[in-house]
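J.: Sequence:
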Amino acid sequence: MLRETRKNLPSESGRGLTAREYAVAIEVALKREIGTSRHAVKTLARMTNASERTVQNWLSGVRGPNGVHLILLAQNFASIRSTIMFLAGQGMQQYADMEAAVQLLFEVIAMLTGKRR
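Residue numbers (my numbering): 5 to 121.
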């Protein structure tokens, strides 16, 4: 049995992501991707094998999808994938990688056409 006066260990990452912040981030991504219509709810429910009530909770920001539902959403929607990467702290790295890739493509095009940028 643990003593009641035990101390909680401090989080190494400082202030972490709250469940509410996660739910709202997924809500925004889903609304951007599919909207909020009744048809959207049914489509998401069919796609993830979740109940319509569960999907309504996702779209209203009450709760975020967990486990398999989140993976199925990420497989189907780019906005969910980018939201997950952003929440995981990889959003800016992805942007930097994309900028480097675009710059490299410009250089390749310039080499192929014989023009200097």
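Everything labelled a hint here was simulated from the structure, so no lab data went into it.
Ideal placement from N, C-alpha and C gives every residue a C-beta, glycine not left out.
Hints should not be assumed to be uniformly reliable.
Said to hold, decoys possible - Here are the in silico distance ranges between beta carbons for each label pair: (1) 91 / 40: 20 to 26 Å; (2) 23 / 118: 54 to 60 Å; (3) 55 / 116: 39 to 45 Å; (4) 108 / 41: 36 to 42 Å; (5) 104 / 35: 16 to 22 Å; (6) 53 / 106: 25 to 31 Å; (7) 23 / 110: 39 to 45 Å; (8) 94 / 117: 32 to 38 Å; (9) 56 / 82: 20 to 26 Å; (10) 107 / 39: 34 to 40 Å.
J.: Can you give the numbers of the hints that this structure goes against, from lowest to highest?
T.: 3, 5 and 6
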